[in-house]
Amino acid sequence: MEKEGKSHVKRGLWKPEEDMILKSYIETHGEGNWADISRRSGLKRGGKSCRLRWKNYLRPNIKRGGMSPQEQDLIIRMHKLLGNRWSLIAGRLPGRTDNEVKNYWNTHLNKKSSSRKQNAPESVEATPFIDKPVMSTEEVRRSHGEGGEGEEEVDTTWMNRIGSPLPLITHYPDTLVFDPCFAFTDFFPLL
DNA sequence: AATGACTGCAACCGCGGGGCA
DNA sequence: CTGCCCCGCGGTTGCAGTCAT
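Last residue of the first sequence: number 191 in my numbering, and the count goes up by one each step with no gaps.
Hints in this document: simulated from the structure, not taken from any laboratory.
All C-beta atoms, glycine included, are put in the ideal place defined by N, C-alpha and C.
Mixed in with the good hints there might be a few duds.
Said to hold, decoys possible - Using C-beta positions, here's what the derived DEER-type ranges look like:
#1 Pro94 with Asp19: 29 to 39 Å
#2 Gly32 with Pro94: 21 to 31 Å
#3 Gly65 with Arg40: 12 to 22 Å
#4 Ser24 with Gly65: 23 to 33 Å
#5 Gly32 with His108: 15 to 25 Å
#6 Ser68 with Gly42: 31 to 41 Å
#7 Asn103 with Asn61: 30 to 40 Å
#8 Gly12 with Arg59: 31 to 41 Å
#9 Arg11 with Pro69: 28 to 38 Å
Claimed, not checked - Subject to a maximum C-alpha distance of 20 Å in a straight line, what follows is the list of computed PhoX-like cross-link-like pairs (lysine-lysine):
#10 Lys63 with Lys10
#11 Lys102 with Lys44
#12 Lys55 with Lys44
#13 Lys44 with Lys23
#14 Lys63 with Lys102
#15 Lys48 with Lys23
#16 Lys23 with Lys63
#17 Lys44 with Lys10
#18 Lys55 with Lys15
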């Protein structure tokens, strides 16, 4: 079959008409098999492009606009824990997409964190802001008891490494707002 | 008003993983 | 086991809008 074919595949920004076509097609036929969707809908777009457009823009319940302080806080803390696992982080932010979270991090938070590092007080230097995730994906999985239903046996080593079960809040009180509803055990089931 | 620099976001690219024949 | 196809992820690029001069 024809691969996403270089020659006649349209690129660049999506037009409102294209959005409408894709949206109505998916509403009628459902998601799945994006290569097929791009062919059958009549859009001259690659399957990947259709998928991206739907997931990041057209899907229902997409939240647009600025991040709330709570969302910022969550992103920062999740990033510290997981690193650049944008899809996982976005999974904890209803209506936000991995692309949006990634962009937000790269444009806003990454900058913020690096500028903080520059004038960081000693106490902050002791807990570097972003460089390394506290847990690798593997560690997250293990701590969730993957491979052994040891439930309730929560591995708390990440807490020790962060230094506190409420990471960062004491170091950056101007930016971070502790959300008492959030517990890390809350997102483990998603992994 | 013109224009060059900067910023933020949408979209693309390449790669790896999973499912299936 | 192998190869193919599709999907999803993370990194990167490109462009439109905004700001500064």
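Evaluated hints:
{"no.": "1", "hint": "Pro94 with Asp19: 29 to 39 Å", "verdict": "violated, 22 Å"}
{"no.": "2", "hint": "Gly32 with Pro94: 21 to 31 Å", "verdict": "holds, 22 Å"}
{"no.": "3", "hint": "Gly65 with Arg40: 12 to 22 Å", "verdict": "violated, 33 Å"}
{"no.": "4", "hint": "Ser24 with Gly65: 23 to 33 Å", "verdict": "holds, 25 Å"}
{"no.": "5", "hint": "Gly32 with His108: 15 to 25 Å", "verdict": "violated, 34 Å"}
{"no.": "6", "hint": "Ser68 with Gly42: 31 to 41 Å", "verdict": "holds, 39 Å"}
{"no.": "7", "hint": "Asn103 with Asn61: 30 to 40 Å", "verdict": "violated, 19 Å"}
{"no.": "8", "hint": "Gly12 with Arg59: 31 to 41 Å", "verdict": "violated, 21 Å"}
{"no.": "9", "hint": "Arg11 with Pro69: 28 to 38 Å", "verdict": "holds, 36 Å"}
{"no.": "10", "hint": "Lys63 with Lys10", "verdict": "violated, 27 Å"}
{"no.": "11", "hint": "Lys102 with Lys44", "verdict": "violated, 27 Å"}
{"no.": "12", "hint": "Lys55 with Lys44", "verdict": "holds, 18 Å"}
{"no.": "13", "hint": "Lys44 with Lys23", "verdict": "holds, 15 Å"}
{"no.": "14", "hint": "Lys63 with Lys102", "verdict": "holds, 15 Å"}
{"no.": "15", "hint": "Lys48 with Lys23", "verdict": "holds, 15 Å"}
{"no.": "16", "hint": "Lys23 with Lys63", "verdict": "holds, 17 Å"}
{"no.": "17", "hint": "Lys44 with Lys10", "verdict": "holds, 5 Å"}
{"no.": "18", "hint": "Lys55 with Lys15", "verdict": "holds, 16 Å"}
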